[in-house]
Amino acid sequence: MTHDYVNSEWRQTLEANGMESFEQIWPVGGDAWFEPPNHARGGWSGVTRQVLIMPNGDQVGIFVKRQENHAYRSWRHFFRLAATLERELRNCRRFCELGIPSMEPIYYAERKVDGKLRAILITRELEGYHSLDSAEYRPIRQVARAERQHLIASLAGIIRQMHAHRFQHTCLYPKHLFVKKNPDGSLDARFIDLEKTRWLPFRRRIATRDLDSLQRHAEGWSRTDCLRLFLAYRQEKKLSPASKRLLRTILGKRKR
Numbered sequence: 001m002t003h004d005y006v007n008s009e010w011r012q013t014l015e016a017n018g019m020e021s022f023e024q025i026w027p028v029g030g031d032a033w034f035e036p037p038n039h040a041r042g043g044w045s046g047v048t049r050q051v052l053i054m055p056n057g058d059q060v061g062i063f064v065k066r067q068e069n070h071a072y073r074s075w076r077h078f079f080r081l082a083a084t085l086e087r088e089l090r091n092c093r094r095f096c097e098l099g100i101p102s103m104e105p106i107y108y109a110e111r112k113v114d115g116k117l118r119a120i121l122i123t124r125e126l127e128g129y130h131s132l133d134s135a136e137y138r139p140i141r142q143v144a145r146a147e148r149q150h151l152i153a154s155l156a157g158i159i160r161q162m163h164a165h166r167f168q169h170t171c172l173y174p175k176h177l178f179v180k181k182n183p184d185g186s187l188d189a190r191f192i193d194l195e196k197t198r199w200l201p202f203r204r205r206i207a208t209r210d211l212d213s214l215q216r217h218a219e220g221w222s223r224t225d226c227l228r229l230f231l232a233y234r235q236e237k238k239l240s241p242a243s244k245r246l247l248r249t250i251l252g253k254r255k256r
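Numbering follows the numbering used here, with no gaps: position 133 of the sequence shown is 133.
Check before you lean on any hint, since a few could be wrong.
What the hints assert, rightly or not - Beta-carbon label-pair distances, calculated as ranges:
no., residue 1, residue 2, range
1, N69, E125, 21 to 29 Å
2, D58, S134, 23 to 31 Å
3, Y5, T249, 36 to 44 Å
4, G252, A135, 31 to 39 Å
Stated by the list, open to error - Computed cross-link-like contacts, DSS-like style, restricted to lysine-lysine with a CA-CA straight-line distance of at most 30 Å:
no., residue 1, residue 2
5, K112, K196
6, K181, K237
7, K196, K175
8, K175, K244
9, K181, K196
10, K175, K238
11, K116, K196
12, K244, K196
13, K237, K180
14, K180, K238
15, K180, K196
16, K181, K238
17, K175, K237
In short, the hints are calculated from the structure, not lab data.
A quick note: this is a predicted structure, and the numbers were derived from the prediction, not measured.
For each residue, glycine too, the CB sits at the ideal point set by N, CA and C.
Construct the complete structure from the given sequences, taking the supplied hints into account.
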């Protein structure tokens, strides 16, 4: 099956860098993995970092995700297995349409090769951003109090925005939240790794899963930091009865 997507703003640049087709892109990077490949679902999925030369001579980093037989089955694809990267592309494009800060998709394609489903997804590197689990923000107590509060408010804002559109990240860990400090002191926070992100009608269930995942893996966060995040997410200065019920649900999930 052929299912190609090329961001029109990047088509010329891909062609100029010899990356205009699936066959040209698949071997790029070889086994120089950015991080160890994930072997699961009966296949594998890995990512390499590459550099594109822009028309003006500038260099831009990109991430090339490749996978083979790393697929899933859902109601949307009940009669066939679909590459998890196809779902990530769909989520990236939907987030862009809705204004939810995330990654910029550049290219996607999939092919059946010797009976194996292969897929490629290229996204632009988030230049100048640091993940929430990087030395820049871990442990969070090293960040000055005022800046820490600003950071927490920024994170709560994009999580609330995502949930307002009924999207559950499902793997909302610190390493999947990236933050950039702008010259004016403002912060730009973004999501990455949308392979397991899905739309659900139940916002309470969405909030419970994602907020529990984030706070469970937020190494070094104090109870006060976690409460500040929750209050900012709920846009409250003190817990309302509804927020108390939601918080009890989240804490109850953590004790299981």
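### Task
Measure nothing beyond the straight line between the CA atoms of K180 and K196; if it is 30 Å or shorter, mark the hint as holding.
holds (24 Å)
### Message
For K181 and K238, compute the direct alpha-carbon distance and say whether it is at most 30 Å.
### Response
holds (28 Å)
### Task
Verify the proposed pairing of K175 with K238, using a straight-line Cα cut of 30 Å.
It holds: about 29 Å lies between the C-alpha atoms, which stays within 30 Å.
### Message
Against the range 23 to 31 Å, how does the distance between the Cβ atoms of D58 and S134 compare: consistent or not?
### Response
Distance hint for D58, S134 holds at roughly 25 Å.
### Query
Okay, N69 versus E125 on CB: inside 21 to 29 Å?
holds (27 Å)
### Hinted pair K237 and K180, Cα distance within 30 Å
holds (26 Å)
### Task
Take the C-alpha atoms of K175 and K237, compute the straight-line distance between them, and say whether it is at most 30 Å.
Distance of about 28 Å is within 30 Å: holds.
### Message
Between the alpha carbons of K244 and K196, is the straight-line distance 30 Å or under?
### Response
holds (28 Å)
#### Entry: Holds or violated: K181 to K237, with C-alpha atoms at most 30 Å apart
holds (25 Å)
### Query
Does the Cβ pair G252, A135 satisfy 31 to 39 Å?
holds (33 Å)
### Restraint check for K180 with K238, where alpha carbons must lie at most 30 Å apart
The hint holds at about 29 Å.
### Task
Go ahead and decide if the range 36 to 44 Å is satisfied by the Cβ distance of Y5 to T249.
Holds: the Cβ-Cβ distance is about 38 Å, inside 36 to 44 Å.
When each numbered hint is compared with the structure, no violation occurs for any of them.
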